[in-house]
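Asks: The lines below spell out each chain.
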Amino acid sequence: MDNFTVGVVVFPGSNCDRDVSWALEGCLDIRTKYLWHESSDLSDVDAIVLPGGFSYGDYLRCGAIARFSPLINALDEFVKSGKRVLGICNGFQILTESGFLPGALVANKNLNFICDDVELDIVSSKGGWFNKVDQKKTIKLPIAHGEGRYHCDSDTLKKLVDNELIALRYKNNPNGSSFDIAGITNEKGNVLGLMPHPERACDEIIGGTDGLFTLKSLILK
Amino acid sequence: MDQFAVKVFVRLRPSVLDPAGEATKSASIKLGAEGIKSLRIGKMIEVKIEGNGENEVREKIDLLCDRLFANTVIEDYEYSLEKL
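Residue numbers (the working numbering), protein chains in the order written: chain X, 1 to 221; chain R, 1 to 84.
By construction, these hints were calculated from the structure, which means they are not laboratory data. A portion of the hints provided could be inaccurate.
[What the hints assert, rightly or not] Restricting the straight-line Cα-Cα distance to at most 25 Å, the calculated cross-link-like pairs of lysine-lysine (DSS-like) are:
(1) R:Lys60 <-> R:Lys43
(2) X:Lys109 <-> R:Lys37
(3) X:Lys109 <-> R:Lys30
(4) X:Lys109 <-> R:Lys25
(5) X:Lys109 <-> R:Lys60
Please take these sequences and the hints and turn them into a complete structure.
Replies: Right under this line is the structure:
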């Protein structure tokens, strides 16, 4: 694992890229490399994080423009090869816009930008992104979003439930998400999108370490 | 080549809650407007585009609407087209 490298994608308007890199390198000793969105060469990274922020100013819809970047075009093959992709906040929005994950993220029900710590139930550990082994079923992570209300139709929701693709649910739904959904995976389990920020919960000094497990699981094969 | 002016309307699907529309409806009532039963906010996109005839232009606009202008998971679209 010595050379395992996580690519952290940088779009114009990304603002959590350095936090992700700091959490991975400083807290977990995992090497990172920034990937500019114009790059389509993913040959020297082993996993990818799409960080939070406001890619392309959230113009049109959150994640809608980012979807057409060369990097996202190259992501299809990367995902098909089974490598792991984590989309946090704006990264989750990009993953739904580009079709890697079903559904969409729309304006919070109360229209507020919500910046808070939230309690989350671990529903599924598909892909090994969350720790259910030691019976820890609830974690606390920060959220910071204006458009985090997960929406999907009833057929999609049934598929998510039946295939155990719902990773996290809010204990007290802050934004009006369907079925309290805070994070989902693809069917294979190698792609996770979530609105909460695990990279902001990686050190006791900043309020908790419940995000470490998810970031550490990037190195799973 | 013909040039066309296209107006694309993108709307949230009826099943998707529109909190901005609800807030605006509430303000409209505070303004004193009576009888508002529903208020929903969408987007209008104006495009000037050229192509060989209306059919070719419609194909281009359909692609743009379906892949970029609207997210069909949450939005519907329609457009009008005028030859310039």
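Asks: Are the hints correct? Go through all of them and say.
Replies: Structure-based check of each hint:
no.: 1; hint: R:Lys60 <-> R:Lys43; result: 19 Å, holds
no.: 2; hint: X:Lys109 <-> R:Lys37; result: 20 Å, holds
no.: 3; hint: X:Lys109 <-> R:Lys30; result: 21 Å, holds
no.: 4; hint: X:Lys109 <-> R:Lys25; result: 15 Å, holds
no.: 5; hint: X:Lys109 <-> R:Lys60; result: 34 Å, violated
Violation of the numbered hints given earlier is confined to hint 5; every other hint is satisfied by the structure.
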